[in-house]
Amino acid sequence: FFTYWGTLIIIGFIIGSPIFFYQIWAFIEPALGSGKKLKTILNSLFINFFFVLGVAFGYFILVPFAVQFFTQFVISDVISNEFDINEYFISVALWTLACGILFQIPVVSFFLSKIGIVTPDGMRKFRRHAIVASLFLGAFLTPPDPVSQIMVAVPVIFLYQFAIVISRYGMYLHKKSLASALGND
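Take any residue in the sequence shown, note its place counting from 1, add 6, and you have its number in this note's numbering.
There's no promise every hint is true.
To be verified - With a Cα cut of at most 30 Å, we get these calculated DSS-like pairs of lysine-lysine:
{"hint": "1", "residue 1": "K182", "residue 2": "K43"}
{"hint": "2", "residue 1": "K182", "residue 2": "K131"}
{"hint": "3", "residue 1": "K181", "residue 2": "K42"}
{"hint": "4", "residue 1": "K131", "residue 2": "K42"}
{"hint": "5", "residue 1": "K120", "residue 2": "K45"}
{"hint": "6", "residue 1": "K43", "residue 2": "K131"}
{"hint": "7", "residue 1": "K120", "residue 2": "K42"}
{"hint": "8", "residue 1": "K181", "residue 2": "K45"}
If you are wondering where the hints come from, they were derived from the structure by calculation, not from laboratory data. Source: prediction; values computed, not measured.
Kindly produce the complete structure, drawing on both the sequences and the hints.
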């Protein structure tokens with residue numbers, strides 16, 4: 007049941023999403039000034055780029071390895087693998103969605119440093135913790151083989167490093183906005 011309806015809903019969302027997002031933009035745009043329009047467009051491109059990159063990573067890299075692992079996984083001769091299209095569809099959707107959300111690390115870092123919550127120095131200080139956390143996350147999101155765990159952990163580590171770089175720019179914007187608010191242009 008879910009296979010048919012889930013497929014239809016996802017295809018409908020993909021086909022209808024440009025119209026949906028255009029309607030949201032048409033509602034919000036009149037309230038924005040000219041400077042805010044450009045910032046809003048750039049922010050949405052930044053967010054969408056990393057989400058699409060994460061979904062592509064999940065679908066084209068993580069899913070084939072996970073499917074290969076689960077097709078070859080045998081506990082004993084008595085127990086056999088039974089594949090269900092519903093479970094496959096749900097697993098692929100969850101893995102790709104999780105990767106899309108996971109690839110938002112630089113976006114979250116940028117916005118948190120822009121409002122002064124996260125600093126690049128603080129992120130550098132917790133780099134080792136982030137590496138260990140990415141290995142745990144890779145173990146949680148992937149099948150229990152070390153290759154797919156490392157395949158998820160390495161991009162997350164690179165994303166964290168990029169998040170440190172991008173948070174520098176966010177911190178610069180935060181300091182600039184504080185200076186202009188205090189009148190120290």
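Numbered hints the structure breaks, given as an ascending list:
4, 6
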